[in-house]
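A.B. asks: Here are the chains, one letter per residue:
Protein chains: 4
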Amino acid sequence: MCRWMAWMGQPVLIEEALFNSPHGIVDQSLHARMGAEPTNGDGFGLGWYGAGEGPGIYRSVSPAWADANLRELAAHLESPLFIAHVRAAIGSPVQQTNCHPFRKGRWLFVHNGYLAGFHEVRRALMLAIDADRFPDVEGSTDTEVVFHLALTLGLEEDPIGALERTVGTIEEVAERHGIAGAVQATFGISDGECLWAVRYASEGPARSLFASCDAGAIQSLYPENPRFRRLRADDRMIVSEPFSDLPGVWQEIPQGTVVAVRQGSELEQRPFVPRRVRGQGPTAARDLAGAVDG
Amino acid sequence: MCRWMAWMGQPVLIEEALFNSPHGIVDQSLHARMGAEPTNGDGFGLGWYGAGEGPGIYRSVSPAWADANLRELAAHLESPLFIAHVRAAIGSPVQQTNCHPFRKGRWLFVHNGYLAGFHEVRRALMLAIDADRFPDVEGSTDTEVVFHLALTLGLEEDPIGALERTVGTIEEVAERHGIAGAVQATFGISDGECLWAVRYASEGPARSLFASCDAGAIQSLYPENPRFRRLRADDRMIVSEPFSDLPGVWQEIPQGTVVAVRQGSELEQRPFVPRRVRGQGPTAARDLAGAVDG
Amino acid sequence: MCRWMAWMGQPVLIEEALFNSPHGIVDQSLHARMGAEPTNGDGFGLGWYGAGEGPGIYRSVSPAWADANLRELAAHLESPLFIAHVRAAIGSPVQQTNCHPFRKGRWLFVHNGYLAGFHEVRRALMLAIDADRFPDVEGSTDTEVVFHLALTLGLEEDPIGALERTVGTIEEVAERHGIAGAVQATFGISDGECLWAVRYASEGPARSLFASCDAGAIQSLYPENPRFRRLRADDRMIVSEPFSDLPGVWQEIPQGTVVAVRQGSELEQRPFVPRRVRGQGPTAARDLAGAVDG
Amino acid sequence: MCRWMAWMGQPVLIEEALFNSPHGIVDQSLHARMGAEPTNGDGFGLGWYGAGEGPGIYRSVSPAWADANLRELAAHLESPLFIAHVRAAIGSPVQQTNCHPFRKGRWLFVHNGYLAGFHEVRRALMLAIDADRFPDVEGSTDTEVVFHLALTLGLEEDPIGALERTVGTIEEVAERHGIAGAVQATFGISDGECLWAVRYASEGPARSLFASCDAGAIQSLYPENPRFRRLRADDRMIVSEPFSDLPGVWQEIPQGTVVAVRQGSELEQRPFVPRRVRGQGPTAARDLAGAVDG
Numbered sequence: 007m008c009r010w011m012a013w014m015g016q017p018v019l020i021e022e023a024l025f026n027s028p029h030g031i032v033d034q035s036l037h038a039r040m041g042a043e044p045t046n047g048d049g050f051g052l053g054w055y056g057a058g059e060g061p062g063i064y065r066s067v068s069p070a071w072a073d074a075n076l077r078e079l080a081a082h083l084e085s086p087l088f089i090a091h092v093r094a095a096i097g098s099p100v101q102q103t104n105c106h107p108f109r110k111g112r113w114l115f116v117h118n119g120y121l122a123g124f125h126e127v128r129r130a131l132m133l134a135i136d137a138d139r140f141p142d143v144e145g146s147t148d149t150e151v152v153f154h155l156a157l158t159l160g161l162e163e164d165p166i167g168a169l170e171r172t173v174g175t176i177e178e179v180a181e182r183h184g185i186a187g188a189v190q191a192t193f194g195i196s197d198g199e200c201l202w203a204v205r206y207a208s209e210g211p212a213r214s215l216f217a218s219c220d221a222g223a224i225q226s227l228y229p230e231n232p233r234f235r236r237l238r239a240d241d242r243m244i245v246s247e248p249f250s251d252l253p254g255v256w257q258e259i260p261q262g263t264v265v266a267v268r269q270g271s272e273l274e275q276r277p278f279v280p281r282r283v284r285g286q287g288p289t290a291a292r293d294l295a296g297a298v299d300g
Numbered sequence: 007m008c009r010w011m012a013w014m015g016q017p018v019l020i021e022e023a024l025f026n027s028p029h030g031i032v033d034q035s036l037h038a039r040m041g042a043e044p045t046n047g048d049g050f051g052l053g054w055y056g057a058g059e060g061p062g063i064y065r066s067v068s069p070a071w072a073d074a075n076l077r078e079l080a081a082h083l084e085s086p087l088f089i090a091h092v093r094a095a096i097g098s099p100v101q102q103t104n105c106h107p108f109r110k111g112r113w114l115f116v117h118n119g120y121l122a123g124f125h126e127v128r129r130a131l132m133l134a135i136d137a138d139r140f141p142d143v144e145g146s147t148d149t150e151v152v153f154h155l156a157l158t159l160g161l162e163e164d165p166i167g168a169l170e171r172t173v174g175t176i177e178e179v180a181e182r183h184g185i186a187g188a189v190q191a192t193f194g195i196s197d198g199e200c201l202w203a204v205r206y207a208s209e210g211p212a213r214s215l216f217a218s219c220d221a222g223a224i225q226s227l228y229p230e231n232p233r234f235r236r237l238r239a240d241d242r243m244i245v246s247e248p249f250s251d252l253p254g255v256w257q258e259i260p261q262g263t264v265v266a267v268r269q270g271s272e273l274e275q276r277p278f279v280p281r282r283v284r285g286q287g288p289t290a291a292r293d294l295a296g297a298v299d300g
Numbered sequence: 007m008c009r010w011m012a013w014m015g016q017p018v019l020i021e022e023a024l025f026n027s028p029h030g031i032v033d034q035s036l037h038a039r040m041g042a043e044p045t046n047g048d049g050f051g052l053g054w055y056g057a058g059e060g061p062g063i064y065r066s067v068s069p070a071w072a073d074a075n076l077r078e079l080a081a082h083l084e085s086p087l088f089i090a091h092v093r094a095a096i097g098s099p100v101q102q103t104n105c106h107p108f109r110k111g112r113w114l115f116v117h118n119g120y121l122a123g124f125h126e127v128r129r130a131l132m133l134a135i136d137a138d139r140f141p142d143v144e145g146s147t148d149t150e151v152v153f154h155l156a157l158t159l160g161l162e163e164d165p166i167g168a169l170e171r172t173v174g175t176i177e178e179v180a181e182r183h184g185i186a187g188a189v190q191a192t193f194g195i196s197d198g199e200c201l202w203a204v205r206y207a208s209e210g211p212a213r214s215l216f217a218s219c220d221a222g223a224i225q226s227l228y229p230e231n232p233r234f235r236r237l238r239a240d241d242r243m244i245v246s247e248p249f250s251d252l253p254g255v256w257q258e259i260p261q262g263t264v265v266a267v268r269q270g271s272e273l274e275q276r277p278f279v280p281r282r283v284r285g286q287g288p289t290a291a292r293d294l295a296g297a298v299d300g
Numbered sequence: 007m008c009r010w011m012a013w014m015g016q017p018v019l020i021e022e023a024l025f026n027s028p029h030g031i032v033d034q035s036l037h038a039r040m041g042a043e044p045t046n047g048d049g050f051g052l053g054w055y056g057a058g059e060g061p062g063i064y065r066s067v068s069p070a071w072a073d074a075n076l077r078e079l080a081a082h083l084e085s086p087l088f089i090a091h092v093r094a095a096i097g098s099p100v101q102q103t104n105c106h107p108f109r110k111g112r113w114l115f116v117h118n119g120y121l122a123g124f125h126e127v128r129r130a131l132m133l134a135i136d137a138d139r140f141p142d143v144e145g146s147t148d149t150e151v152v153f154h155l156a157l158t159l160g161l162e163e164d165p166i167g168a169l170e171r172t173v174g175t176i177e178e179v180a181e182r183h184g185i186a187g188a189v190q191a192t193f194g195i196s197d198g199e200c201l202w203a204v205r206y207a208s209e210g211p212a213r214s215l216f217a218s219c220d221a222g223a224i225q226s227l228y229p230e231n232p233r234f235r236r237l238r239a240d241d242r243m244i245v246s247e248p249f250s251d252l253p254g255v256w257q258e259i260p261q262g263t264v265v266a267v268r269q270g271s272e273l274e275q276r277p278f279v280p281r282r283v284r285g286q287g288p289t290a291a292r293d294l295a296g297a298v299d300g
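Chains as they are written, first to last, in the numbering used here: chain A, 7 to 300; chain B, 7 to 300; chain C, 7 to 300; chain D, 7 to 300.
If you're looking for bench data, these hints aren't it; they were derived computationally from the structure. For every residue, glycine included, the Cβ atom is placed at its ideal position computed from N, Cα and C. Some hints here could point you the wrong way.
[Stated by the list, open to error] With the Cβ distance kept under 8 Å, some of the chain D side facing chain A (calculated, not the full set):
#	residue
1	GLN101
2	GLN102
3	THR103
4	ARG112
5	HIS125
6	ARG128
7	PRO141
8	GLU144
So that you can see chain A by itself, here it is in the shape it has in the complex (with noise of 0.2 Å):
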């Protein structure tokens, strides 16, 4: 299990996000509520958008709460747009290239859930990607694997489709290796102008995830909140749990659904649904289907 949150809107120091809301992301690495376990303590990562070319990465193999650094770079970088993750390793050691996010030039991908059987098709999965980007697989986690999948399956110009296609392509694994719930998660992608969250389990109910209500909404609710009259009408917060319990400021995504949030615009929200794409897909996407048969 781990958790993950994303801020977009106003530029903002990240401890905004990370330290000094009460139930921030560092709280969830050692008192996580609606997880599987309490304790997030394998790794932390935190990709934002700012100065330099495409977003930056920092990624540690200490436990969020007790990174030093990790409270330095918080107090002193303003992003409008930035994705942090903890992380309780299942199995995969614990390595800076096995802490999200992942990223590919101006792409950031963070993943809550797992693989099914992970060790069983890890190596199918492997072949599917792109002959060209599997040397740029560094770590050993199955996040890596769905995210150089999705590349080869066309996130780049295409994210939401490339996801359900790379989701689909991974149950069609798992069904021929006999395995059962194949895809568990909570997803995270940003390109540095949309941010992207996606709900969905193969099998049974899927990871917790929320977005923060509409500033406007939340404002008049809590009129005397001094954190939340500093909201802007484009603020945003996707998180993997609520940093409070304050009714009204918080929505669940429902599960089977991806939210879009882009500056200027309301919430998007559709249907997640993966595909397979034997047979019917760009090259790439057919090479996968044999490879997949191989």
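Given chain A's structure and the hints, the job is docking chains B, C and D onto it.
C.D. replies: Same frame as chain A, now just chains B, C and D:
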């Protein structure tokens, strides 16, 4: 808060006590039951007697549950006497020099608890350390200061007497600073021949501490248990909290008490009584009193 | 031995100075030319002024050349004033709290060199630190003690005067201990407005230190160089050793000298003259003299 | 570039070989003389046979010269057979799973050198690994792939034969990719009974490799040397570069050669001849040939 354990008896692979017990010390790094916090993820340490001169120590800033090297060492080191400690930092940095056990020559020292108002008394206590020993202080924990004070006050000749003088001194310094409840502690100490364990609090209930019962008694209660069948008469464990819920296996060490484990003897037990050293002790102690006045 | 560098001028991506120069500070972590040892692989640190309150610091025990996070931060942090330091430990542990820069409020402090016989004078010097500041000492380096002594002696009001009193005090303490060549140092200090650099040795040649020449002079020497063309009049670097062999780009800072870099001014330079504080300074200094006697 | 060493003979404290020799392997982490680079500071590893099942391994991302735990282990572990490796990364991340030795059951494996164009051949080589072993690949080095390929091709039954087939396969794959000088290597392999060392390069001179001379010969050359006097007839070291300049103590292992060290025997030596496996080997090898074609 922290948790620690010590084994003295027949040589065993260290993993027996660290990993193979149902609620062993590594499990307690993630799921402690009797402490203020369930998580003890701010580093750990292992000290063992075996080959080479004096005890070896392995200390790491990783959480014990996630450290691949700890698993390796535990599975490949055999020792008749070892102490392990998992740390929950309160204020001081997560760094190897702040991990227990501390060592001097043949001596190992661990602590669960704290010095109240340590920030305020740190200087006075460090001044009370022998000038010659002062440069050996490498980290910034209260425990390391306690250890060097105890060395100053004669730990190597009279470990428990020295520790009683040390606690008395700390209580005196705290009193001058208007600090109540100066010492909260269980201590584990060894010279490779004997293992001492102290349970003491200046005020209120002390941290929990248990000793395993006599091997024979355990075996007659659980004649079928294969782990217990391997016990020998001299085997003894001291633990912050029991490794299992089985009745008759663990005995609580009373507050204000010190126990001593020696090969071929019963578990010895006597009161632990802090003593103030002003004007009555050896030179170092008198100097100390002067320093404390200053 | 260590190496450090500081930039003050137009805001730049930090990687310009850390990675993109031919013999920049990260290259010096592996291949220093002017120091006692080529390797400075015992951790590093970066302090920068930018968003948030006061400077941020990032410190790590990894060698600078191998730290993926340093590359990330350098590529995504823009700052008008930053200091980087690569460490070669001499005796004290490799831990974050021993990495430079040290910080207090708006102040950053780095050091290349050592205090002779630090093991012997550590206690006397730590006693000379303000009792209130004493608990802030987190690591075990000589440099951190120098910094807290300088704070005790007025660094925040009169940085160079305080440093002259600090060095004078250290020389006096060393003399009492029969230690020659007490201080070997280049220091870098900033409050975010001004950058000071000191080159001094109690005996013999001091560690190397250089300032970049005036931007205009550099540009007229190398009119075709694209990196130099981007320089502005106020840009200045201070470095332990030059980033290139180009004549006319770097000027050596003479021994026993302090330079000051301020926006809109020439490089100021004056002698650095250690002063003993006995019986003549402010209260803290007089107390210090007493402590040193004690 | 990397450096490694292996000891086989009477049980010794590991520090004898790591720290107490004038130019031992830890000194080589900072000051290698015969390699492409003097610094091997990107982590290290130690594998040893002793208590517990199979060999233990301790791997760390710290430079060997600065790792306090390595000093501890070396001073308190006694072993008749151990291998140590200091790493200089070329491209792949500094993480424990990229540190040597690699292990499978009773087998240890280290490598100095590289696979040319690994980025391009990584996928083809990983496909050639047994599907069942594929999920065991945890890191991203060329060496780990070599090891799992060799396991696939029979390392556990016929270590040198398997390694000859492995190198042959790699050369074949490289050829298909138009890559010259496919393999540059010294390898160290052990099962706890025997120690093999290979020196081979597909093109040009191979990395340096030496064996210690017979104990008796060394002792008759240097009858007064107290370290040499402790040697017994069966003691043997294999090293990337000699620990001293003393003539008659070290013999160079010729290129294209494998040596075997066994208790009670002379040093055995024979040519190392890579073999291509297409169409002639066991099933795994034939599958491999197919995979390589694909």
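A.B. asks: Are the hints correct? Go through all of them and say.
C.D. replies: Against the structure, the hints:
no. : hint   : result
1   : GLN101 : 4 Å, holds
2   : GLN102 : 6 Å, holds
3   : THR103 : 5 Å, holds
4   : ARG112 : 22 Å, violated
5   : HIS125 : 5 Å, holds
6   : ARG128 : 5 Å, holds
7   : PRO141 : 5 Å, holds
8   : GLU144 : 5 Å, holds
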